[in-house]
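Given next are the chains, with one letter for each unit.
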Amino acid sequence: MTNSQRKAMKKNLFIIGILCLLIVIVFMISMNTGFIRLSPLEVIQTLFGSGTEKQHLILFEFRLPRIIIAVLVGMGLAVSGCVLQGISQNALADPGILGINAGAGLAVMLFISFFSSTTAVPVFLLPILAFSGAGITAIIIYALSYKRNEGISPMRLILTGVAIAAGISSAMIVLTLRLSPDNYQFVANWLAGSIWGSNWKFVFSLLPWIVVLIPFIFSKARVLNVLNLGDLTATGLGASIEKERRVLLAAAVGLAGASVSISGGIGFVGLIGPHLARQLVGSRHQYVIPTAALTGGLLVLIADTIGRWILQPSEIPAGIVVAVIGAPYFLYLLSRIKD
Amino acid sequence: MSTPAEESAKIETLEEIKKHSHPLIAIVILFGGMTALLFAIGLSISFGAADIKLATVWTAVFNFNPESTSHQIIRDIRMPRVLGAAMVGSCFAVAGALMQGMTRNPLADSGLLGLNAGASFMLALCFAFFPGLPYMYLIMFSFLGAGLGVFIVYGVGSLSRGGLTPIRLVLAGAAVSALLGALSEGIALYFQIGQDLAFWYAGGVSGTKWINLQIMAPWIIVAMIGAVILSRSITLLSLGEEVAIGLGQKTKTIKLFGMIIVLVLAGTAVSVVGAVGFVGLIVPHFTRLLIGHDYRWIIPCSIVLGGLLVVLADLAARMINPPYETPIGALIALIGVPFFLYLARKGGKEL
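Protein sequence lines, in the order shown, are assigned to chains C and S.
If you count by this note's numbering, then the first sequence holds residues 1 to 339, one letter each, in order.
If you count by this note's numbering, then the second sequence holds residues 1 to 351, one letter each, in order.
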């Protein structure tokens, strides 16, 4: 390792440390937000087992699972975006724009509208359903934008994704109107990207996906670096591109699908997370992946906290807050990037 | 500046376009479409929860009897509805045709470019802050919103390095729609007008009343006449800005008037029917396919075929799952999405 590489590593580890610290700070603020406030001191006391019973209940049963879910969802979406941007060599790729979120959403919604009661939905089934929905959509988009002799053009991929997303949204509108008022309320909030499953069951249904897939993708960081160089160079360096690409795509779809099943349509995290990460730590995926995970987690946590804080005692879904921040950023990116 | 050789080449392209346009087919489409439209309107009026014969429809229109319930249903509920559908369809179709001609972008459509989302956003604001605002003002706000949406999309597009490419416009449109959609959703949740808005967004003409039509009609008629007057210039503009300037067109003025017409048309349509996409994409393409690139024919044909498409979609929306209405926005997307995919595939090189 050369001296400058060591320097870069030090700097990047420092940035990653700062991000972790920021998450802890927002966590404290988030704890202090809501109907009953918990000061940082009380939080620490309760965490170490010496708080009152009421504080214990609020912390462990209401706030903590929700905060963990917000962070996990953000991580899942951001890393998924990282992979999609890497394999399509398109800086504007993101599970939302490519229609994968919509596909996951549709699968979950179909399930809810046919098995009516939302309380009876087996929680562990949701990520699997969402994964199948996202997977089928991804395959359809991939197939529709594939042309013999030309392969996949990133532009066609995105246009196809936009169109499929529009079609799926229409299908979802049809389904929403047929729901009972109770289910409608649930689905409307879910579609708007609300962190709705705020108990431990949801944490445990999401956690395995994140814990397995993010390290797996991290282990492929070198492949992503190589893919970044362009197909020709990558083949020259001996990476079997198509195969690696498919495996990574499946992992990205899995992450996005599992995240969407819990959080609904939080768009733009997959776009912004990786971009911020690249601005902070450069383009090497060994650093980009963890940094993107942290920025994504931080972003959703902040959005969820803001959403809960603006309208107490009701709340604005995190997805709306993220879109309000994310869309202008996307437009800014769009005006900066060359084709 | 272009050389004389290039000039003559451009004039040749113009001749080429004239040669490839088919006025005869256009006239057939115009009259056939009109007949089909009238027939569809009659069918749509007679179809519904209360079964009414076409003959009764005829007498209700030309020999109205205020005592008859059927006549009242026809006059007060079904006629304004179907006329509203026809108007909305024509508006979206002509707006799309103008946008495609002016931007030379085959994917231009008021839904894809953020106009519909802008108008919807403004209407959500109206529902929230001025509930019960008279329809006249709703329309005005809808124009403003459409203007806002398109302003942001084009602003971003033209600020970009490399200018306004089709893909950039589509992406900017998607992002602006997402942003304005999220804001509308936030407003809806805050003011608890979600259910009102949801039904309205879903797109439907069921609530149209005579008074709405009376307010809409003057705007639409003026805008349509404007579109027809502009149509020759739009044809020239669709050959490229340089060609149009070379042929003595004031392109800036044409674009300005064209944009105003588009805003009025899309704004009015959204204020009636909600955010229905794809009509403006499909109809002009279909027309061009049949009659060539002369906008003097494309625009009148789009008026007729756009109306026909939405009247039929509305009819289908009521027939699929009675007594519930399937949102027509969704039905049109069912045709529109495959069509868009086809264009995206085919246009891979020219885009």
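Just so you know, the hints here were simulated from the structure itself, not pulled from any lab data.
One or more of the hints may lead you astray.
[Claimed, not checked] Partial chain C-side listing against chain S, Cβ under 8 Å, derived: (1) I18; (2) L21; (3) V24; (4) M28; (5) I97; (6) I140; (7) V162; (8) A166; (9) S170; (10) S219; (11) K220; (12) A221; (13) G267; (14) F330; (15) S335.
Remember, it's a predicted structure, so these values are computed and weren't measured experimentally.
The beta-carbon is built from N, C-alpha and C at its ideal position, and this holds for glycine as well.
Hints, one by one, checked against the model:
1. I18: Result: violated, 29 Å to nearest chain S Cβ.
2. L21: Since chain S brings no Cβ nearer than about 29 Å to C:L21, farther than 8 Å, the hint is violated.
3. V24: violated, 28 Å
4. M28: violated, 26 Å
5. I97: holds, 7 Å
6. I140: Result: violated, 10 Å to nearest chain S Cβ.
7. V162: holds, 5 Å
8. A166: holds, 6 Å
9. S170: Given a least distance of 4 Å, the restraint on C:S170 holds.
10. S219: violated, 32 Å
11. K220: violated, 28 Å
12. A221: With a minimum Cβ separation of about 28 Å from chain S (threshold 8 Å), the hint on C:A221 is violated.
13. G267: holds, 6 Å
14. F330: At 4 Å from the nearest chain S Cβ, C:F330 passes the 8 Å test, so the hint holds.
15. S335: holds, 4 Å
In summary, the numbered hints that this structure violates are 1, 2, 3, 4, 6, 10, 11 and 12.
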